[in-house]
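Enquirer: Chains as they are written, first to last, in this note's numbering: chain B, 1 to 408; chain A, 409 to 530; chain C, 531 to 663.
Keep in mind that the hints were calculated from the coordinates and are not lab data. It is possible that some hints are incorrect.
In the EDC-like style, the derived pairs of lysine to aspartate or glutamate whose C-alpha atoms are separated by at most 16 Å in a straight line are [stated by the list, open to error]:
1. C:Lys-626 with C:Glu-648
2. B:Lys-65 with B:Glu-210
3. B:Lys-311 with A:Glu-519
4. B:Lys-310 with B:Glu-210
5. A:Lys-452 with A:Asp-431
6. A:Lys-504 with B:Glu-314
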Amino acid sequence: MKKQWLSIALGVVTAIGGFLDAGTVATAGEAGAKFGLGLIWAILAATLAVMLLVEMVGRFTAVSKKTYADAIREDFGFRFYLLPLTSELIAESLLLAAEIGGVAIALSLFTGISWHTLFPFVALFIWILAWRAPFDLIENGPALLGLVTLSFLAGIVALGGIPAHLLPTLWHPNFQRGSVADYLYLVAAIIGSTISPYLLYFYSSGAREERWSRRSLVLNRVTAIVGMGFGSIGSMALLVLGAIVLQPLQISSNTLGELGLAMAKPFGITGSLLFASALFATCLGAALEVLLAVSYNIAQGFGWEWGENKKPVEAARFNLVMTIFLLIAAAIGLIGIDPLQLALFASTVIALFLPISLSPFLILMNDPQYLGNKTNGRFTNIAVICILLLAFLVALVSLPLEIITGGG
Amino acid sequence: MIDPNDEIFSVRDILDSQLQTRDRRKIGRVADIEAETRADGSLKLTYLVVGPQALAGRVHPRLRAFLCFFLRDRFEHRIPLSEVTKFGPTLYLRGKAENYAVGQSERWIAEHILRWIPGNGL
Amino acid sequence: MWRKSGAWIGLLLLLSVLTGCNVTESAFARTASNAGSAFAAAATTLTYAHEDKITYAYAASSFVNFQSELSGTDQALTAPSAVDTRTLHHLLTLYKPAIQVINAPCLSSACNWRSQIEVLNRASQALLKAGNS
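When you get a sec, could you build the whole thing from the sequences and use the hints?
Expert: In structure tokens, the structure reads:
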């Protein structure tokens, strides 16, 4: 019993620490700097959606012992499977490059060394972890370090809390510093960066790595709901910091270093380094998750051996694919596009493909062959349909907005 | 006359199912199925086909022909249906991974490609 | 087929609404706005570095990022736009010294960092004003 509570606590903690990544940091910062509190609703809506999706995919895997990718291939056939696979490959290679860049920038903020120089070393370090580290270390390590994001809350308190004049921006955003198109672009990017499909593939595979079963359903529910819920606090805290500190200074938070200034104001050097640490931990965790999510997806879809607790030669094709994908992402990153801009772009690409990645849910979660008596209730199905509608809407506008706004 | 003890599976049930060997190793998924017509006109499933060539065929028949030529037809493996001991979303096979050609590719990659990377666990 | 055309019609409608309703900025306004806020961020970064709120290493890395963010801005500003030549000339006069600061920020007590901050602030304010008008 005590062990179960320990697992639940760990699950919640890792969800909190693991919520942020380069994409959510980038969007939260810009959202606050440009529109005050006017985009908090988008973060809340996206968080609600991701809570539901994570709970569902966890329940699915715990009961059926099949991962999300397994189920897509088995239930929808190879040809359909190629659709989410292709969209994942495109979107996640961009996102992985951005995450590696985020880690490199975090290290550059500490050392003063250019992130371009640090980038290949970071890529190598991530590869070494994915190659040999056991699943527990990969899942828990960076996430526990990521708890430093809670210092953002302390930053808000130290700055005197949310000033009264900002509160109206909750429902009436300030459009001085950005146009309506910018606003809508950030909505799409927030949704794309929060409801990232890689999270679902990774979580589902993790449930198999940890041998979840029907007994894990409570753990799954608490991790998904409480964990993701609290995780969004870090994201909202960053948005608020951007609104309090950066907006009055006319700073738009177009680079990751600028966002750290919001922590430097209340806490000085410690604050700026807390931000850099948070960036390091969250981007590292996300990089590993994205890399593994794609590798899991391919290995499971093609029916190969997979797993982080196996030696590389025991899951040869899985590890080979993982290595190749990292090389592709590293090549993209070495082109030198600023990681924040790349993260925003990747988030909009993800938003574009969301309907493809999420549509299997509706059918799978109602299939008693997989779930027995644990299929979706009516309320949950309605929620899934709403999420899918939102995903379609966002997908429709994401590409034109990316073109119109030139990437935010 | 259908014997009620015969388990009837649709092709769709078997297609894309996971193949797992006796030593609990996953060796791939069913890409295609071969069948032959019996004397009484009914269809009997004979072989499970695995491999990239067959997979390409699921996307488009011309793609399969192209890959057959490109890969010199070396990557299509057929497993007799009689090798399956248990049906379901996962098909359990009678033999060990090394008994099947498709199960050997994992070993090949491990020994020829991964061996050059340190820490591979060989 | 219907769904596909429906989606494209929706897209076109959205585009026309967005561009027609003036809810987007012109390319010039966007460039000026972004440059203005980059200079503002640089000014704050330099100030904080000398107020001991961030380390010099942090500031140095930040300036590397500002450099890449601002690369190509002068070309973008001088591209054909509705802005009159006098305003453009004024902006470029302020832009040039500011970009020099970005490329060589004063991160020790041995140089005149206060004047650098002034240069950055002047450029920032002018560009932001041009971007918002």
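Enquirer: Against each hint, give a clear statement of whether it holds in the structure.
Expert: Consistency of the hints with the structure:
Of the supplied pair hints, the one linking Lys-626 of chain C and Glu-648 of chain C holds, its CA atoms being roughly 13 Å apart against a limit of 16 Å. Distance restraint check for Lys-65 of chain B and Glu-210 of chain B: the Cα-Cα separation of roughly 11 Å lies within the 16 Å cut-off, and the hinted pair is therefore satisfied. Straight-line distance between C-alpha atoms of Lys-311 of chain B and Glu-519 of chain A comes to about 13 Å, which keeps the hinted pair within the 16 Å bound. Distance restraint check for Lys-310 of chain B and Glu-210 of chain B: the Cα-Cα separation of roughly 13 Å lies within the 16 Å cut-off, and the hinted pair is therefore satisfied.
Pair hint Lys-452 of chain A plus Asp-431 of chain A does not hold up; C-alpha atoms about 28 Å apart against a cutoff of 16 Å. Between Lys-504 of chain A and Glu-314 of chain B the alpha-carbon distance is near 15 Å, which keeps this suggested pair within the 16 Å criterion.
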